[in-house]
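Trainee: Sequence:
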Amino acid sequence: MSSMNEDNHSMKRVAIIGGGPAGLMAAEVLSGHGLQVAVFDAMPSVGRKFLLAGKGGMNITHSEPIDAFLGRYGARREQIAPLLDAFGPHALREWIHGLGIETFVGTSGRVFPTDMKAAPLLRAWLHRLREAGVRFHMRHRWQGWEGKPADGKLRFATPSGEQVVHADAVLLALGGGSWARLGSDGAWVPLLAAQGIAVRPLQPANCGFDVPWSEHFRTRFAGEPVKSVVASVVDAQGQTHTRQGEFVISASGIEGGLVYALSAHLREAIALHGEATLTLDLAPGKDLQRVTDEVAHPRGSRSMASHLQSRVGIHGVKAGLLRELASKETYADPRRLAQAIKALPLKLVAPRPIDEAISSAGGVAFEALDAHLMLRDVPGVFCAGEMLDWEAPTGGYLLTGCFASGRAAGLGALAWLAGRP
1 MSSMNEDNHS MKRVAIIGGG PAGLMAAEVL SGHGLQVAVF DAMPSVGRKF
51 LLAGKGGMNI THSEPIDAFL GRYGARREQI APLLDAFGPH ALREWIHGLG
101 IETFVGTSGR VFPTDMKAAP LLRAWLHRLR EAGVRFHMRH RWQGWEGKPA
151 DGKLRFATPS GEQVVHADAV LLALGGGSWA RLGSDGAWVP LLAAQGIAVR
201 PLQPANCGFD VPWSEHFRTR FAGEPVKSVV ASVVDAQGQT HTRQGEFVIS
251 ASGIEGGLVY ALSAHLREAI ALHGEATLTL DLAPGKDLQR VTDEVAHPRG
301 SRSMASHLQS RVGIHGVKAG LLRELASKET YADPRRLAQA IKALPLKLVA
351 PRPIDEAISS AGGVAFEALD AHLMLRDVPG VFCAGEMLDW EAPTGGYLLT
401 GCFASGRAAG LGALAWLAGR P
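Residue 1 is where the sequence shown starts when you use UniProt numbering, and the numbers rise one by one after that.
No lab work stands behind these hints: they were computed from the structure. Note that CB positions come from ideal geometry on N, CA and C, so glycine has one too. Treat each hint with caution, since some may be false.
Mimicking DSS-like on lysine-lysine, the simulated pairs with C-alpha atoms at most 25 Å apart in a straight line are [as the list claims (entries may be wrong)]:
1. K12 - K153
2. K227 - K286
3. K347 - K328
4. K12 - K148
5. K347 - K227
6. K117 - K55
What follows is a set of in silico ranges between Cβ atoms, one per label pair, in the way DEER data are often shown [as the list claims (entries may be wrong)]:
7. H216 - A343: 32 to 38 Å
8. P159 - G71: 43 to 49 Å
9. H216 - E78: 46 to 52 Å
Starting from the given sequences, assemble the full structure and let the hints guide the process.
Mentor: Next up, the structure:
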């Protein structure tokens with residue numbers, strides 16, 4: 001039984017599995033070329049993670065120079081660069097404007113829709129896709145292939161039982177392994193692995209980390225933001241990565257933007273050494289000598305807490321972190337205390353579980369794909385989005401990569417079909 005329209009048997013059929021930004025962008029590329037394009041998704045509606053990601057303000061991309069932008073993709077810069085050359089941040093903004101949605105650049109350089117919401121963008125996009133003839137099949141959970149992938153017979157579990165859909169080309173945009181309740185559950189991994197396709201293990205990215213806080217510190221400071229700090233980590237190659245920003249103390253450890261920006265290096269350090277050290281500068285803008293002079297200044301009858309607050313601006317959760325992590329001997333020595341303020345080592349013991357992460361690392365290895373994102377060993381099957389083996393920090397980089405890879409895979413499928421009878 002097929003759930004794709006078979007009224008015109010001469011039309012080639014493309015099945016897109018996954019209704020996130022990558023899958024929808026592929027559908028846009030493919031529609032309007034004399035093809036039957038159908039999007040299948042396990043959830044009741046498409047774009048669920050996209051909508052939730054935009055709940056606090058839809059950060060769609062970033063306005064920084066392209067060289068810095070590409071640097072956010074770390075070890076996969078070389079593979080992501082051609083995708084962004086073809087459809088980068090500027091092109092993405094122009095595309096959004098074409099949907100009737102205006103954008104603006106925030107003070108941080110991040111790009112947002114003018115109304116800050118994801119829903120109007122998604123509504124306008126889905127309307128355009130439906131007008132172009134794209135068909136949507138919800139509550140269709142992909143179960144792999146019937147027979148060999150080359151036969152093009154896709155199995156789906158649906159509310160009315162299993163269905164087999166024939167497609168001339170398949171585009172997989174199934175997401176990573178985070179936010180399972182929104183559809184990104186990584187259930188596709190064994191389906192591809194069974195075909196001998198190289199899939200790197202899915203791991204949490206843009207995630208929090210566990211710290212064995214004392215009960216006193218956890219009770220007092222869980223939920224508190226640690227603002228205006230510089231954090232650094234040394235990676236496996238001995239290179240230091242530094243970011244400035246803020247993070248949040250959680251009951252189990254730390255989370256937030258500054259942590260997410262360094263999460264790949266922290267995760268790799270834990271995998272290599274069993275723990276990672278995040279070094280915190282609690283007084284950015286003041287050099288070590290100045291902090292040393294301020295700490296050593298006679299404090300008279302004042303407590304150390306009030307002394308540090310008045311001389312160095314250390315109070316609240318920053319003071320709590322110092323008390324939690326620095327020894328009594330360090331507190332007794334102004335020079336050592338100043339050093340701790342400027343370089344406080346925080347030991348992280350584990351990343352938080354993948355389902356708590358904003359995104360995931362790992363996925364289909366780029367080595368298993370050709371330049372058009374088609375699986376080398378399974379012709380006619382293309383992959384896009386977060387299910388590919390790349391990662392990026394929050395700030396619009398994840399979404400931009402998903403849009404760009406969806407477009408590239410869609411164009412790849414279009415070219416491959418054009419070369420077939």
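Trainee: Hint by hint, which ones does the structure fall short of?
Mentor: 7
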